[in-house]
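Take these sequences, add in the hints, and give me the full structure.
Numbering (the UniProt record's numbering), first residue to last: 1 to 160.
There's no promise every hint is true.
Simulated DEER-style distance windows between Cβ atoms [said to hold, decoys possible]:
| # | residue 1 | residue 2 | range |
| --- | --- | --- | --- |
| 1 | SER2 | ASP28 | 43 to 51 Å |
| 2 | ASP28 | SER87 | 19 to 27 Å |
| 3 | LEU27 | ASP7 | 37 to 45 Å |
| 4 | ARG100 | PHE8 | 35 to 43 Å |
| 5 | ARG154 | LEU44 | 29 to 37 Å |
| 6 | GLU66 | PHE15 | 29 to 37 Å |
Honestly, the hints are just simulated from the structure, not real lab data. Quick caveat, the model's predicted, so the values are computed rather than measured. All C-beta atoms in this analysis are idealised placements derived from N, C-alpha and C, irrespective of residue type, glycine included.
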Amino acid sequence: MSFSPRDFRDCLGQFATGVAVVTTRALDGTKAGITINSFASVSLEPALVLFSVDCRAATHDMFAGECTRFCINILRQEQQTLSDLFSSPGQNDWDGVTYRDDCHGVPCLSDSLATFSCKRHAIHDGGDHSIIVGQVQEIDLGKTGNPLLYYGGRYRGLDC
1 MSFSPRDFRD CLGQFATGVA VVTTRALDGT KAGITINSFA SVSLEPALVL
51 FSVDCRAATH DMFAGECTRF CINILRQEQQ TLSDLFSSPG QNDWDGVTYR
101 DDCHGVPCLS DSLATFSCKR HAIHDGGDHS IIVGQVQEID LGKTGNPLLY
151 YGGRYRGLDC
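Printed below as a string of structure tokens:
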């Protein structure tokens, strides 16, 4: 390999992505969330989506183990504070976070652009990440607005 992990990350940063928070609830009722920018559609029929989670993340074992249901919340530009909150290592403070439970008791963030309530369909090895594929069970086209974007190592907005 003729490049460093930092060089690789810098090159990846040239691809603008949306920002989402994936949420779940453990069997004991504990809520968890993690900020992602690795969200993609996989299939329309059946409706499948994927995200990846770092194997070192505090929430990795919840998403890749016990918690088979999760909600992917696409963030609006005004929800940067939620992105920051759920990107903090070991974050488990839901005070002040507005959410509703989906039909399976998984917390979905309020006022997101869209939410996808999913049942875990598959997990794939992705090197230092686990790739989690979810079968979409319920969708909600939420509030209108501009998406929260990430590009070049910082948050951005649409200037259209």
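Evaluation of the provided hints:
1. SER2 to ASP28: 43 to 51 Å: The hint (43 to 51 Å, Cβ to Cβ) holds, given that SER2 and ASP28 are roughly 47 Å apart.
2. ASP28 to SER87: 19 to 27 Å: holds, 24 Å
3. LEU27 to ASP7: 37 to 45 Å: holds, 42 Å
4. ARG100 to PHE8: 35 to 43 Å: Once the Cβ atoms are compared, 38 Å apart, the range 35 to 43 Å for PHE8 and ARG100 holds.
5. ARG154 to LEU44: 29 to 37 Å: holds, 33 Å
6. GLU66 to PHE15: 29 to 37 Å: holds, 32 Å
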